[in-house]
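Asks: The residues making up each chain are set out below.
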Amino acid sequence: MSQLQYEFGAINVGASHWEELEALMADAAKELGQAPVSGLAPGVQGAASAFLSAWAGFAEESRAMANGFAGALRAAAADMGGTDQSQSGQYDSLDGRMGPGQ
Amino acid sequence: MSGTVTIEVPAPQPEIRRPDGDPGGADSLAQALYATAGRYEEFADAGEGLRDLSGWWGSAYTAYQEAAGTASGEHVSLARTVKRVANAVTAYADTLRDLLRTYDELRDRRTALDGDRADLIADINATTDATPSDISALQARAAYLAERYQALVADHDSWLRQVTANEDLLRHTFESATGLGDALSEFGGLSDLAQSAICKVGSPMSGASPEQVAAWWEGLTDAEREAVIAAYPDVIGSADGLPASVRDDANRVSLDGDLARLGAKEDDGTIDSSERDALDNARKTEEALADADAFTDPITGERPGGQLWLYDPGAFDGDGRVAVAIGDLDTADDVAVFTPGISTDMGDVVSYANDMQHLYEATRYNGDGSSVATMFWLGYDTPSGPIDWATLTEGRAEDGGRRLADAFDGLRASRGDDPAHLTAIGHSYGSTTTSYAAGSFDLDAEDVVLIGSPGAGPSDEASDFSVGQDHVYVGRDSRDFVAFLGDEGWVGKFGIGLGTDPSSEDFDATRFEAERPGRGATPIDGGAHSSYLAHDSESLYNISLIVDGHGDQVNESAQSYDPWYGEPEDPEWTRDPSSGVPGRSETREP
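Chains G and U are the protein sequences, given in the same order. The letter at position 63 of the first sequence is residue 423 when you use my numbering, and the numbering goes up by one with no holes. The letter at position 178 of the second sequence is residue 1297 when you use my numbering, and the numbering goes up by one with no holes.
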């Protein structure tokens, strides 16, 4: 069995950074979708539009990827928190005292 | 005598159509793509950093790290690809600007020819009772007109091929980066034309010599040339042996890219300290280049133009590498290369490029009519200040000397059968660097000038230099405390300098007048060390003669010397300096 250790602070900070990347790539997807091709010769505009459309999609994938990382980290933190909480109930019911104090 | 004579008047041709596209609009697209590249870079960098979430161990963490690492790596590829496409769009816009200028020229020529044609027809129609001589003259005019129309057609065809090639190149670049596989590929955003051209024998990516690189460039088609500039601007912009105009084109693509990409990161708030340094360097370079482009030749009133011969804003831990020229390095009869000294970094490029304007002006003003180009070259890692250990040693000067000699080899190779008169000018620690180039690395120059020198590095005598003793010139202001450091006599300066004082009798170079007007009373006159290129100074006057190829006409001054019975002495200490005196220190129109 592997060794386990969690520090919630680090995981939550990591999740926040992934959320910032998510926002950054959302901006990228939006701007690529709006990028102008009118400055190019007509013979190039079709290839440029196809490129921009594809890359807006890639940026959206990147956004979703960052969202996935952030979500997974938040979920891990939540799961561990929940597990810790439920485990604490079991340990609360244990009595380590001897004699009349039990 | 009566009869009919036919004079064949050529038809007006060709039809010249303005090329489609708008450079400004293309630049806007490039800006958006550079911003995207910056965001992918940020994703890649941050993703790599986010692999390490300290305090978390276990199988889940291992899986997370692996996934984050993969994401980071893929985004490195995506950033590289979209940056290449952005470079291609920038290069397309730059080329389109050139093509539009040519379009205007072609159209003007056509208009002029049509005017001549109309005049010819009018003269033919007005002619009655023409003599054989009249007829012969009209036929000659018609033939000459036809010849010029044919030349215009040929030039137009060539121009049209360039228009088509420019559009094809950009289209192929987009197509090479549209699929996900291409976007993630090592070659994403590289046109087939660029890839095949860069793989040819003699390419600068093959470690070829400057001469081989020059031959490689000569063997490329126009379309291949445009393709490699767009795809590999970093490589082309620093390739010794290529024409300066080509390096300039490539470096301007890189500069525009850095300004847009790093500027977008600044706007996004994701710029880091090294990127901040690079952006500052890029902005300074943009300013210096704008000044150089706007500079006006004092004789012709025309703009000789600036050239960005070297551009690497992230080099040397953020100090940067850069070379900016005034004039055309590819065609100038006389070319001067100025190497600076300690504490110089890319942030100083505006000031030094301004000094190069002074040198250009003075050389033209006092010159023999030959064309001139003057370049500020910061191609080595200068020591960072007087108390930097590197300042007290010669390692940086030696490395810089090797690089300077390589740069001259590149300039020489790029000129092929049209060699320029090359002058290397080294200031302060840069004079030691220049001394290494000429003393240890066979600098391929005609003349060498050392100013404000703390020592000539490896050379004890001017005759050790590759250019020969008669072509070594030294300017030393008697109040320049840095120039005071060089060794003189048998005692020397106890090792504080960087070799022999090149103004001394022992070194035996040609020393020229270089005293500063308004000089101070002591050797600690800070202005002296930084005034060698000031207008209407003795120093600039004499340097301009050397750059112009007339070093034999400098106003010589007596060398310093170190008598056995006392301190080193400088005969210039007591001579009154001049300023703005014709034939002594006048360097521009009063």
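Calculated directly from the structure, the hints in this document are not laboratory data. Here the structure is a predicted model, which is why all the values come from computation and not from measurement. A few of these clues could be false.
To be verified - Chain U residues, not near chain G, derived (Cβ > 12 Å throughout):
(1) 1154
(2) 1168
(3) 1170
(4) 1228
(5) 1259
(6) 1288
(7) 1293
(8) 1298
(9) 1321
(10) 1450
(11) 1642
(12) 1646
(13) 1709
Stated by the list, open to error - Each pair of labels, with its calculated beta carbon distance range:
(14) 369(G) x 1646(U): 56 to 66 Å
(15) 380(G) x 1141(U): 48 to 58 Å
(16) 424(G) x 1136(U): 39 to 49 Å
(17) 367(G) x 1141(U): 49 to 59 Å
(18) 398(G) x 1272(U): 44 to 54 Å
(19) 424(G) x 1536(U): 54 to 64 Å
(20) 1388(U) x 456(G): 45 to 55 Å
(21) 1270(U) x 424(G): 28 to 38 Å
(22) 450(G) x 1188(U): 36 to 46 Å
(23) 367(G) x 1514(U): 40 to 50 Å
(24) 380(G) x 1136(U): 27 to 37 Å
(25) 1177(U) x 380(G): 44 to 54 Å
(26) 1189(U) x 455(G): 42 to 52 Å
(27) 1270(U) x 421(G): 48 to 58 Å
Virtual Cβ for every residue (Gly too), placed ideally from N, Cα, C.
Asks: Could you run down the list of hints and mark each one as holding or not?
Replies: A quick look at each hint next to the structure:
no. : hint                         : result
1   : 1154                         : violated (7 Å)
2   : 1168                         : violated (8 Å)
3   : 1170                         : violated (9 Å)
4   : 1228                         : holds (24 Å)
5   : 1259                         : holds (42 Å)
6   : 1288                         : violated (9 Å)
7   : 1293                         : violated (4 Å)
8   : 1298                         : violated (7 Å)
9   : 1321                         : holds (31 Å)
10  : 1450                         : holds (32 Å)
11  : 1642                         : holds (57 Å)
12  : 1646                         : holds (50 Å)
13  : 1709                         : holds (48 Å)
14  : 369(G) x 1646(U): 56 to 66 Å : holds (58 Å)
15  : 380(G) x 1141(U): 48 to 58 Å : violated (35 Å)
16  : 424(G) x 1136(U): 39 to 49 Å : holds (46 Å)
17  : 367(G) x 1141(U): 49 to 59 Å : holds (55 Å)
18  : 398(G) x 1272(U): 44 to 54 Å : violated (31 Å)
19  : 424(G) x 1536(U): 54 to 64 Å : holds (60 Å)
20  : 1388(U) x 456(G): 45 to 55 Å : holds (53 Å)
21  : 1270(U) x 424(G): 28 to 38 Å : violated (60 Å)
22  : 450(G) x 1188(U): 36 to 46 Å : holds (37 Å)
23  : 367(G) x 1514(U): 40 to 50 Å : holds (46 Å)
24  : 380(G) x 1136(U): 27 to 37 Å : violated (49 Å)
25  : 1177(U) x 380(G): 44 to 54 Å : violated (25 Å)
26  : 1189(U) x 455(G): 42 to 52 Å : holds (49 Å)
27  : 1270(U) x 421(G): 48 to 58 Å : holds (55 Å)
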